[in-house]
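Trainee: One-letter residues, chain by chain:
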Amino acid sequence: MNEKRAYPLYFVYGALVLYVALCVIPGLIGVGYSFTDWSSYSDEIKFVGLKNFKTVFSADENYLKYLNNTLLFTVVTTICKSIIGLALAVLLTKKIRGLNIHRAIMYMPAVISTLIVGMIFKSILNPQSGLLNEFLRSIGLGSLALKWLADSKIAFWSVMAVDIWKGVGYIMTIFIAGIMAISPAYYEAAEIDGASGWQKFRSITLPLLMPAISVTTVLNVLYGLKVFDIIYSLTNGGPGYATEVLYTGVYKEFSKGRYAVGTTLSSVMFIFMLIVGYFMIKVMTKEEVEE
Amino acid sequence: MKRIILFALAVIMTLSSVACTSETKATTTAATGASASGTTTSGEVTKQDITITYMVSQDQLQDAEIALGEKFTEETGIKVDYQVIPSDQYVNLLSTKINAGECADIFSSQGGQFDIVSQLNVEKNAVDLSGEAWASTVDPLAAAELSVNGKLFGQPIQDVSSVWAIAYNTKIFAANNLTIPTTFDEFKAVCETIKTSGVTPVYECVSDGWHHVLWFPEMGAAYEAAEPGLVDKLNNNTTTFSASPVMKQSLDQIKEMVDSGYWGDNYMSNAYADAAKNIASGEYAMVVANQGFGAEVEAIGGDLKAADIGYFVIPLVDNQILNVNPVGPSRFIYSGGKNIDAAKLYLAYIAKTENVQYLIDNVSKNNVLPFSGVQDKYSEIIKTFYSTYTTHGTVLQTTVKYVNPQWMEIGKELTAMILGDTSSEDVLKNIDKNRADQAAAAKDTAWDS
Chain A
8 MNEKRAYPLY
18 FVYGALVLYV
28 ALCVIPGLIG
38 VGYSFTDWSS
48 YSDEIKFVGL
58 KNFKTVFSAD
68 ENYLKYLNNT
78 LLFTVVTTIC
88 KSIIGLALAV
98 LLTKKIRGLN
108 IHRAIMYMPA
118 VISTLIVGMI
128 FKSILNPQSG
138 LLNEFLRSIG
148 LGSLALKWLA
158 DSKIAFWSVM
168 AVDIWKGVGY
178 IMTIFIAGIM
188 AISPAYYEAA
198 EIDGASGWQK
208 FRSITLPLLM
218 PAISVTTVLN
228 VLYGLKVFDI
238 IYSLTNGGPG
248 YATEVLYTGV
258 YKEFSKGRYA
268 VGTTLSSVMF
278 IFMLIVGYFM
288 IKVMTKEEVE
298 E
Chain B
1382 MKRIILFALA
1392 VIMTLSSVAC
1402 TSETKATTTA
1412 ATGASASGTT
1422 TSGEVTKQDI
1432 TITYMVSQDQ
1442 LQDAEIALGE
1452 KFTEETGIKV
1462 DYQVIPSDQY
1472 VNLLSTKINA
1482 GECADIFSSQ
1492 GGQFDIVSQL
1502 NVEKNAVDLS
1512 GEAWASTVDP
1522 LAAAELSVNG
1532 KLFGQPIQDV
1542 SSVWAIAYNT
1552 KIFAANNLTI
1562 PTTFDEFKAV
1572 CETIKTSGVT
1582 PVYECVSDGW
1592 HHVLWFPEMG
1602 AAYEAAEPGL
1612 VDKLNNNTTT
1622 FSASPVMKQS
1632 LDQIKEMVDS
1642 GYWGDNYMSN
1652 AYADAAKNIA
1662 SGEYAMVVAN
1672 QGFGAEVEAI
1682 GGDLKAADIG
1692 YFVIPLVDNQ
1702 ILNVNPVGPS
1712 RFIYSGGKNI
1722 DAAKLYLAYI
1732 AKTENVQYLI
1742 DNVSKNNVLP
1752 FSGVQDKYSE
1762 IIKTFYSTYT
1772 THGTVLQTTV
1782 KYVNPQWMEI
1792 GKELTAMILG
1802 DTSSEDVLKN
1812 IDKNRADQAA
1822 AAKDTAWDS
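Chains A and B, in that order, are what the protein sequence lines are. Under this note's numbering, the first residue of the first sequence carries the number 8, and numbering increases by one thereafter. Under this note's numbering, the first residue of the second sequence carries the number 1382, and numbering increases by one thereafter.
To be clear, the hints were calculated from the coordinates, so they are not data collected in a lab. Predicted model only: the values in this text are computed from it and were never measured.
Stretch by stretch, here's where chain A covers chain B in the computed footprint (C-beta under 8 Å, at least three residues): (1) 1460-1472; (2) 1585-1599; (3) 1647-1654; (4) 1788-1797.
In this text, a Cβ means the ideal position worked out from N, Cα and C, and glycines have one as well.
Looking at chain A on its own, in the form it has when it is part of the complex:
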C-alpha cells in the first residue's frame, strides 16, 4: 500500500459499486445467459451448455464470416486512418494560408452523426444517380462508375472508405496536438545538421509521436471491433451478407428474439477484445518503460 496517497481508499467505493452494479454484473449475467436457451418465444430458460458457442463457430453459420469482416474492417480502417491522419497532421502543422479553415474542414466529418453520414453517402454512392458516378461520367471516366454499395465485391471497401473519411479528422487532431508538443529545438538542430524533410519526419516527428500513435491505435482498434452504426446506415449488412459484422449479427439475433445466441456473440467479442486489449496495453506499457 502506498502510504503517501492523498485520499483514503474508501473514496473509491462509491464509483466501484456503481461500476460493478452497472457494468460488471450485467456483463457477467450476459456471459451466463450464453449457456442457456433464452429466447423471446418462451419464458422458460434452460441450461444448454456450449450449444450456442458451437452454433456461433459452426461452419454452417455466417458468424465466422462476420468475425473476418470485423477484423478486416478493424485492420484496414486503423492503418488508413493512422497514415492519412498523420499525413494531414504533418501538412496542417506547416505555415500555410487558412490553416484553421483547413483543419476545421478536415475535422468536420467527425462531428456529423454517423447515421446522417450514412444517408448522405448512400445518396452519393447510388450507382445510377449518385454524385460520384455522375461526376465520373461527366469527366469521361464512366468505366470507373461502379456499383459502390450494391456490388458485393466492393461494398465492404466502400463502407470502409466512408468510415475512414469520417474518422480521419479526429485522428488528425490528436496527431496535430502531438506534433505541436514537440520542441522546435529538435528541428532547428536537425536543420543545422542538414537533415532533409523526410529525415526530420523519420527521426524526430515519428519517434516523439509514438505515445499519440499508441493512443490512436487503441481508439481505432476498439472502434473497429465495435463497429455497427456506419454499416447499419449504409448497407444494413448487405448486399446479401457481404458487409455483416459481429455487432450487426448481434442486433439481428436480438431482433429475431434469439437472445442467447446474441449474448453468445457478445461474449465471444468480449473475450476477443479482452485478449486484444491485454496485449495492446502490454506493448504500450513496454514502450513507456523503455522511454
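Given chain A's structure and the hints, the job is docking chain B onto it.
Mentor: Showing chain B alone in chain A's frame:
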C-alpha cells in the same frame, strides 16, 4: 443593494416555480379527466392533451392516413407522432423494440395467424381489440389472420384483395405485338423482345430487401400444385424446402432472369417507391405490384393512365394460379404502452366507414379495404385480370409456418444468389435452417425429433 437583488431573485424563483406547478396540475387534470373516456356525458368529444406514437414501415403509411390523423387531432386533441422507419430496417427494429419492452403505442406489422403468435406474441404484446365497435366490421377472412383464440388483435391497413402480380405497360406490349405469357419460356420470350426494343423488361428493387422476395413465396400455390401435399408436409416437418425440386426450379428461373439482363443494371439500388415513376417514364415495362399500381402510375401525371396497366400472374414454374393472400400489414396497439385508450380512439376513428372510404378513394393502391359497408373502385382491367384466372391458391408465407418471419433473411439469401455468392440449393438449405431455428425456439413439437 446586494440583499435587495438577492431577495428579488428569490421572489421571482418562488413565483415561477409556483406558476409551473399550477400549470402542471392543470395539464394533468385535463389528461386524467379525458383518458377515462373519450366523450363526455353530453356526447361531446373531450379534448385530450396526449401524444400517441405510431411506429410504421415507410411503405405502410399513406398521406391520406396522415390527413385523417390531423382531423383526429382536431376532434380529440390527441396528437399522433408517426415514426416512419425505412422498410429494410423495419422488421428488425420492431422486433428489437418489442423484445426490449419499449415499443410505440401503435405499431404496424404483417398479420398472419402463425406469425402474430410466433413473431409478435400478440397475446402478450398487443391489446385485445375484440370489444371495439369496429371489430365486427372487419372482413372475416382478414380478421381470422389477425386473431388468436377468437380474439382480434390487429386492424388491417391495406387492401388484401389485391394480389402481387406482374403489372405491365399495355402500350409497350401492343407496340411489340406481345401477349400475356402463360409459361416461363413465353415470359422469357416477352422479356427478350422488350429488351431488344431498348426498354428494360422488369423493374426490380433489391435494396429495399423485401420486394424481390415476392417472386419466390408468392408462387406457393404453384409449388403445391406441382408437389401435392407439400404445404402439410412442410408444416409437419416431414419434408424440407431443399428437398423440393419445384422450389429449386423457381429460384433458378429468378437467377436466369437476372443473368439474362431482364432486370436491367440498376436492380440492386432501385427503390420500390420509384416503381410507378419508372414505369410511367417508359424506361421499364413490368414490375411485380398489386392492383392499385395502375392508379399510382396515373398519379405520376405522364401519358400512361391506370387503364394502360394490365396484370398477369407471375409465370415462374409455369404458374397460372391466382396467388391470393388475406394477410397484409396491420395496426396493433402495444400492450405496454401508456396511451392504450387514446390509441384505441385512433383505431376507432380510422375504422369509421367514411374514413375507410376516404382511404380507399385517396390511396391509389387501395381498390377496397377489408371492412364492411364500403364501395370498391375496381376498374375493368382489374376485373378482367381476376376473371382470367379461375384457379386460386394461397401464398407460401401464409400457408407454411416460419416463412414470413424470415422474409428479410430470404431477401438476403436471394441477393447473395443473384450476385453469384451462393447457390439455389444453399438458399433453400438456409431457409430450412432458419425455420428449424425458429421452430426450436418456439418449442414446436413437429421439430422435436
